[in-house]
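Asker: Just so you know, the sequences run in chain order A and Z. Numbered by my numbering, the letters in the first sequence go through residues 1 to 168 in order. Numbered by my numbering, the letters in the second sequence go through residues 1 to 162 in order.
Keep in mind that the hints are not guaranteed to be accurate.
Claimed, not checked - Which chain Z residues face chain A? A few, computed with CB under 10 Å, are given here:
hint: 1; residue: L3
hint: 2; residue: M36
hint: 3; residue: D59
hint: 4; residue: A132
hint: 5; residue: A134
hint: 6; residue: L154
None of these hints come from the bench; they were simulated from the model. As the structure is a prediction and not an experimental result, all values here were calculated from the model. Where is the CB? At the ideal position from N, CA and C, for every residue including glycine.
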Amino acid sequence: MFYDLLDWLYNTSYAEMMRDSLWGYPIGETVHLLGITLLFGSILLADLRFIGVGRHIGAGALTSGYLLRVTWIGFALIVLSGLSLFAAYAIDTINSPIFVAKMVLIAVAGVNMLFFTFRVTSGMHLWESDVTPPTAARVSAGLSIALWTLTIFAGRLIAYPEIFETAS
Amino acid sequence: MSLVEVIHNSAYAAHIRESQYIYPLMQCVHITGLAMFAGGVALTNARVAGLGAAVPLVDLGRHAMRVAWIGLAMILLTGINMAASFLEVFAVSTVMQVKLGLVLLALVNAVVLQRGLAGAGAPWATNPPDPAAARKWAALGVTVLLVIITLGKLLAYIGGKD
């Protein structure tokens with residue numbers, strides 16, 4: 001059932017264009033990279049503030065006032081290009097262990113973000129000046145940096161399936 | 001033998017080239033550094049141009065540029081090693097030459113931002129640039145970063161190595 005869906009996706013004319021045209025895949029990859037730059041750059045700056053780097057900066061103004069918008073633009077570019085790249089080689093990609101690992105990393109990072117948003121930020125107005133953020137915030141932000149960095153690594157390594165072939 | 005050949009054929013370059021892991025892992029670090037440098041510089045440029053006015057320019061700029069410089073170190077360290085490992089390919093690549101020229105422009109951009117922001121008597125702390133006047137420079141800076149990233153990706157397809 002799931003594979004039928006992927007098979008259909010693979011055979012759409014859009015996926016075929018991504019796969020067979022000269023520019024489809026390179027453009028998809030480039031947009032993906034631009035999205036990564038916006039998403040990771042903005043999240044890293046926000047997470048560093050949540051850890052306590054630059055703690056004199058107003059946390060709300062920095063993160064929800066500026067960075068969050070950039071994060072969402074990056075996210076939109078990544079999802080759009082990511083789905084296009086995935087469709088081009090849907091079956092091969094879903095069978096790649098490092099791709100699956102990347103999806104798990106993103107899911108965990110997403111849960112961590114929800115946890116941060118709904119459990120940690122309630123007293124954020126208290127962080128506005130030189131206050132050390134609560135421990136839960138610092139742990140969650142540190143975890144976020146680690147997870148997104150590993151996501152970038154996993155994404156690049158999808159191009160090297162031979163590394164993850166089990167010696168058998 | 002030319003210097004390019006000497007470097008390309010050195011044991012060090014061969015070691016990177018022949019390892020299954022080193023080059024891919026350098027790419028991972030290169031991309032992470034790229035996101036930090038381009039992200040930090042672009043966010044500072046955009047703030048100079050007037051976006052995100054809720055956060056003070058000097059606060060945002062110092063925070064972002066600190067990350068950008070660390071990213072640059074990651075980019076250069078891995079970039080030099082990757083280029084060395086396939087130098088005979090990269091040395092004659094027009095895409096690479098244009099990319100490096102634009103990297104110099106991006107560095108000028110970063111240094112200008114740093115000089116406006118750094119130190120106790122930072123010029124922009126008391127006398128920030130007029131956003132309307134800075135807009136075209138900020139747009140140019142962001143465009144340069146965009147083209148660098150595009151050319152970097154293009155190197156995997158034309159006149160370079162994945």
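Asker: Check each numbered hint against the structure and report the violated ones by number, ascending.
Answerer: 1, 4 and 5
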